[in-house]
Amino acid sequence: MIENLVSAIRKCPTRIEGLDQILQGGLPVGRTTLIIGGPGTGKSLFGLEFLYRGALAGEPGIFISFEERAGALRENAATLGWQLAPLEQSGALFLFDGHIDPKAVVTGDFGFQSFLAILDHKIKVMGAKAVVIDALDVLMRLINDDRREQDELLALHQWLAQRGVTALLSAKAPRDSDHARHYEFLDYLADCVIHLDNRMLGQLSTRRLRVVKYRGSGFGSNEYPFVIDAPGITLLPISEVGLSHQALGERFPTGLAALDGLIGGGFRRAASILVTGSTGTGKTTLCAHFAQAACARGEQVLYINFEESEAALVSTMQNPGIDLSTAVASGALHLLTALPEAMGAEQHLLRAFTAIKAMRPACVVLESASACKRMGTEQAAFEFLMRLINICKEMGITVVLTNQTAGFQNLDEISGIGVSSLIDTVIQLRLVEKDGSLQRQLMVMKARGSAHSQRYHEFRITDHGIDLMQEGA
Amino acid sequence: MSAAEYHFRLFVADDEPNSRLAEQNLRALCGEHLPDRHRIEVVNVLEDFEAALAAHVMVVPAVVVTAPRPVTLFGTLADKTAVLAALAL
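If you're matching them up, the sequences are chains Y and B in order.
Heads up: the first sequence is residues 1 to 473, going by this note's numbering.
Heads up: the second sequence is residues 1001 to 1089, going by this note's numbering.
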C-alpha cells in the first residue's frame, strides 16, 4: 500500500522555512538528494542552511564545496545572520574547503580517495549525520570521460549510502545536452531531486524551487517561489495552515469617529475586518480613512492594491478630501500594487510577506479580496487570502479587506470564497433607493468580541470624507 | 635552462594502481629532466588526511609543486607533454 511505503521513508527535516512542508517532512534519511540549478540560484545556501539549522538542533553536519572557499561561505552566512563560528568550534559543523584550483592540470587518471578519506574521518569524529557536497560538477569536470564519470558517481553514491549519511549534492544546471546526459545519471541515482532557478517575472527577479522526484514519498509538485533574506530561505507553500493567531488586542480608532461609536470604540488589534459592498458604495473611501488615520497616529500601513495604481488611489481620494500623499511621502503608507493576473498566488503571497516582514506594519489593507480570484482559480484566491490573514494575525497586524459583491449572497463570504471563519468584523456598505434618490448605508454585520449596532446607518461621502449618521437609517 | 630545485609533494592513496603509476612516472621524469635538483615528498592521504585537507587535495594521485613555481597536477602524470609544460621544462 502507498501509505505503508510513505511511512517507511524516514525524513530528516531541513528546517528551512516552508521546505519541509513541500518535502512532506524533509530529505530522505541516509539517502542522496540532488539539487540542481544555474549559477546564483541559491544551491549552496540551501545546503548550508540545512546544515546550519541541523547543527543548531544538535545534528552535526559537514559541508564540502569544490568551488566556493570556506571564507566566502562564512561571509555569505554572516549576511543572513547565521553564526557559524560557534558551531564550527563545537564540532557541530565542519566547512570543508575543497575548492579545485582552476589552473590545475589533469595529467592522467585519478580517483576521489583523498576527499573521501577526509570525509570519512570527519564523519566518524563528528558523528555527522548530514553531508552536503556542493558544486559536484566542478569535481566531475576534471574527469573528461562520460563512462568514468558515471563510475565515480556511482561509487560516491554507494560510499555515501554505506555510511548512512543524509547527503545533499548540488550541481550547476546543464547548459548543453552533453551535460544533461550526466545529470540524467545523477537524477537516476538520487532519491530526491530538486531544481532551482532564477528568472525574471515582469520587473522582478524570481527564485523558484521545484521538487521533480522523491522516491517513495509524495511531495508538493508546484513551482514554489522563494526568497533569500535574513534569517534565511523562505518558501511559502500554500496548503493547509495551522492556526496560531494572536488574541484580539486593544481597540483603536477606525478613522471614523462615528463608526467607532457603532462597534464599541474601534477595531481591535490583530483583527481582520471585511468591508463588503457592491461597486461605488464607498469601500475604498472607508479604507482610505482607516489608512490615513493610522499613518497620522504614526503607524505603518501596507496597502496591497489589486485594483488601482498608487497614483490613481492617491488622486481618487483627493475628491472626498482624504490626503494620502503625505503618508506616502513620509513612508508611513506603502502601496504594493500589482494586477492579480501578473503572477501566481504563491508569488503574490511571497511578495506581500516580504513587504510585511520588511515593513512590520501595524495595519494592512487589501483591495480587494474579490480581485484575488483573478490570480487563477478560486482555490488559489482562497489560499492566498487565508495565508495572508493568517500571517497578519500571527504578527498581530490588523487587516482590512474589501470585497466587491454582486447581487444577493452571503455577505460575510468573499464572493463565494469561504474565509468567513477568519474574519472578525464585517461591515456592509450598500446603496438603497429612498425618496427617489440613492442613499448610502452602512451596517456592522459582525464584530467578534464587541457589542455593535445592528442597524443600517446612513452615510454620505462629502468633500471632507465619509459623514456617518449615528442614528439608524 | 634554469637550475632551480623542484619540490614535489606527491599525494597517493596507499599503493592503488593510479598512485603507484604516478610515483613511477614522477621518479622517471625527475631522473630524466631534473637529476640532482628535485625533492619528492610522498603523502599517503589514507594515513595523513590532514595534510590533504591543508593542501586542498581532493583527488589522488596529485602532485603539488611548491617550487620553483607553484602548480598542481592531478592524475597519473601519464600525459608527459602536459606535465613538462606545466613544469616549464
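Quick caveat, the hints were computed from the structure, so don't treat them as lab data.
Each residue gets a CB set at the ideal place from its N, CA and C atoms; glycine is no exception.
Certain hints may be false.
[As the list claims (entries may be wrong)] Among chain B residues calculated to face chain Y with C-beta under 8 Å, some are: (1) D1015; (2) Q1024; (3) F1049; (4) V1057; (5) T1066; (6) L1073; (7) T1076; (8) L1077; (9) A1086; (10) L1089.
Against the structure, the hints:
With a least beta-carbon distance of about 12 Å to chain Y, the hint placing D1015(B) at the interface is violated under the 8 Å criterion. At a threshold of 8 Å, the smallest CB-CB gap from Q1024(B) to chain Y is about 12 Å, leaving the interface hint violated. At its closest, the beta carbon of F1049(B) sits 5 Å from a beta carbon of chain Y; the interface hint therefore holds under the 8 Å criterion. Here the hint on V1057(B) is kept, as its CB sits about 5 Å from the closest CB of chain Y, short of 8 Å.
For the restraint placing T1066(B) at the interface with chain Y, the shortest Cβ-Cβ distance is roughly 13 Å, beyond the 8 Å limit, so the hint is violated. The criterion of a C-beta within 8 Å of any C-beta in chain Y is met by L1073(B), whose closest approach is roughly 5 Å, and the hint holds. Hint on T1076(B) holds. Least Cβ distance to chain Y is approximately 3 Å, under the 8 Å limit. With a least beta-carbon distance of about 5 Å to chain Y, the hint placing L1077(B) at the interface is held under the 8 Å criterion.
About 4 Å separates the beta-carbon of A1086(B) from the nearest beta-carbon of chain Y, less than 8 Å, and the hint is met. Taking 8 Å as the C-beta cut-off, the interface hint given for L1089(B) is violated, the closest approach to chain Y being about 13 Å.
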